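A.B. asks: Sequence:
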Amino acid sequence: MGSDQASERSAVGRLWDIAFVPGEWMLSRFSGLDRSRWPVLWVIGLFLVQAVPAAIIRASNLEEGRIIAIARGALEDGHWLTPFVYGERFAERPVLVSWIAALLGEATGSVTLWSLRIPHLCFFLAGTLLIYSLLRSATGKSAAIFGALCWISMPVVAPKFINAEPDIVLSVLLFAAFCIWWQGTRNNSTTPRRWLCISLLIALAGLTKGPQEVAYFTLGVGAYILLKQRHQMPAFIAAHIGAGLVIGGWYGLVYRPGDIETWQTHSRLAHTTAGLSTVLGHLDFVKSLAVEFLPGSILIGPAIVIAVRKWRHSRDDLLLAAILYSAACTLILLVWPGKVAARYAMPGTMTLAVVCGLMFEHWLHSHRKVIVSALVVTYAIFGGLLVRSWIVMPFAPQLFQESRLAGQAIAATLRQRPGRLYVVNGDATNHNMLVYVKGPISAVSLDDLAALNTPAMAVLLPEHEQALSRMKPALQLIDKGDVVCGKVRYNIVEIIPPE
8 MGSDQASERS
18 AVGRLWDIAF
28 VPGEWMLSRF
38 SGLDRSRWPV
48 LWVIGLFLVQ
58 AVPAAIIRAS
68 NLEEGRIIAI
78 ARGALEDGHW
88 LTPFVYGERF
98 AERPVLVSWI
108 AALLGEATGS
118 VTLWSLRIPH
128 LCFFLAGTLL
138 IYSLLRSATG
148 KSAAIFGALC
158 WISMPVVAPK
168 FINAEPDIVL
178 SVLLFAAFCI
188 WWQGTRNNST
198 TPRRWLCISL
208 LIALAGLTKG
218 PQEVAYFTLG
228 VGAYILLKQR
238 HQMPAFIAAH
248 IGAGLVIGGW
258 YGLVYRPGDI
268 ETWQTHSRLA
278 HTTAGLSTVL
288 GHLDFVKSLA
298 VEFLPGSILI
308 GPAIVIAVRK
318 WRHSRDDLLL
328 AAILYSAACT
338 LILLVWPGKV
348 AARYAMPGTM
358 TLAVVCGLMF
368 EHWLHSHRKV
378 IVSALVVTYA
388 IFGGLLVRSW
398 IVMPFAPQLF
408 QESRLAGQAI
418 AATLRQRPGR
428 LYVVNGDATN
438 HNMLVYVKGP
448 ISAVSLDDLA
458 ALNTPAMAVL
468 LPEHEQALSR
478 MKPALQLIDK
488 GDVVCGKVRY
498 NIVEIIPPE
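The numbering of the sequence shown is our numbering, which starts it at 8 and goes up by one.
These are computed hints drawn from the structure, not numbers from a lab.
If you're wondering where the values come from, they're calculated on a predicted model, not measured in any experiment.
Treat the hints with care, since some could be wrong.
[Claimed, not checked] The calculated EDC-like cross-link candidates involving lysine to aspartate or glutamate, where the alpha carbons are at most 16 Å apart (straight line), are:
1. Lys-479 - Glu-501
2. Lys-479 - Asp-455
3. Lys-487 - Glu-506
4. Lys-294 - Asp-41
5. Lys-479 - Glu-506
6. Lys-445 - Glu-31
7. Lys-494 - Asp-454
8. Lys-376 - Glu-31
9. Lys-235 - Asp-291
10. Lys-346 - Glu-409
11. Lys-494 - Glu-368
12. Lys-235 - Asp-324
13. Lys-479 - Asp-454
[Said to hold, decoys possible] Computed beta-carbon distance windows for the label pairs:
14. Glu-501 - Glu-70: 23 to 33 Å
15. Val-47 - Gly-390: 21 to 31 Å
16. Tyr-386 - Tyr-262: 48 to 58 Å
17. Ser-196 - Val-47: 36 to 46 Å
18. Ser-373 - Leu-338: 37 to 47 Å
19. Ile-398 - Leu-283: 35 to 45 Å
20. Gly-390 - Ile-503: 35 to 45 Å
21. Leu-55 - Met-240: 18 to 28 Å
22. Leu-48 - Gly-390: 47 to 57 Å
23. Ala-403 - Pro-162: 36 to 46 Å
24. Asp-489 - Trp-32: 29 to 39 Å
25. Val-399 - Pro-425: 48 to 58 Å
26. Gly-256 - Glu-506: 34 to 44 Å
The beta carbon of each residue, even a glycine, is placed where N, CA and C say it ideally should be.
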């Protein structure tokens, strides 16, 4: 009986080993990158193979349309301090990414999608190289490349190759502050100049999306300082005071009565959840983290165990610092009373990639199956992204260009009747299609449209066109065509007021 059980266990073990043979081969090949003469070129190549042609084919999507609208408002209408979206005030947060796009647009003559995507991709590549550089100071070449590869392959990060939202810029600015701080800590050279640079980077991060996600640096680095570097606390506090004055200064300069409620809503404080909905919402958040942070979610558990065991006995512990940076603020999100999403934890992905690289270095020989699992998952995600970028998108580009096609149709209609284009304010209009429409655009209410006394062109939802007709039957509304953007149909309407 005992021999049968031993034989069965032996058979299972052999099958288990056979299952890992392909992964072992992948790992042995990947480890060979330690012999590479120019390993940084691998990092750049892995980045570029995902960025091209995806960033070229994908039309404006998600928040890109609004970011570009704010940039156009700054460049064309002079709204540099307070953001405006086609004439509608947008003061829920500062908009560094839009300001950068506007500055690039000023240099090139106009704000386009590339005014946004070029600086975004530069930040994205810089972040990838920062991860590699930080890991290279503590690991071999293959481990550093693996960390960089993990970051650009994470499902929560990878969509940013085709979507230039502020999350990447914010994450890279905060991670740059982390790298500068860590280099000073490791070399025992945390000088005032270094802390000034850190304060500036924190301030810029706060001007990207508001002060909330700056807490990733504050809580993560602050926890490490409390545990191991308490002499840094005065400088740490001073750096945050300086950054806080800059960030708070923007809010003070743009403030109008009623803005407090807007800022509370943006911080997910105005609409909190309770009871079962809170529990279910946060369970969904945990599930999203587990999936969207792969392969990091495979390695973070063992990394925490290692860090807990040795933190008292090491002077400079990059693994502990990276874990605290990734986990401290994420744990706050787990108990946040409002609705949260995995992308709110984006700043933690960069140090999670550092954790992946460190674990690759430490466990490559002692726990190969764990590293094999993480590498295979990374390859699978990266391979899927390659299929999307190099097969699906080039051979079916129409699936990814809805907003461009809609915008071009609107622009063609406007060429027949030049003038200002009107859209309904609020969230009634998808701004992504307006990226491709040159000329003045105004976001107004239906009452404003009804009060027009000169002919004009507008892009309206069918129900808004019907409502406008009921509000002022004397208006002549002539449909010039229709477009679809974001799976929503809009009518291109010529509005002719009564004589």
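A.B. asks: Kindly indicate which numbered hints from before are broken by the structure, ordering the numbers from low to high.
C.D. replies: 3, 4, 6, 7, 9, 10, 11, 17, 18, 20, 21, 22, 23, 24, 25, 26
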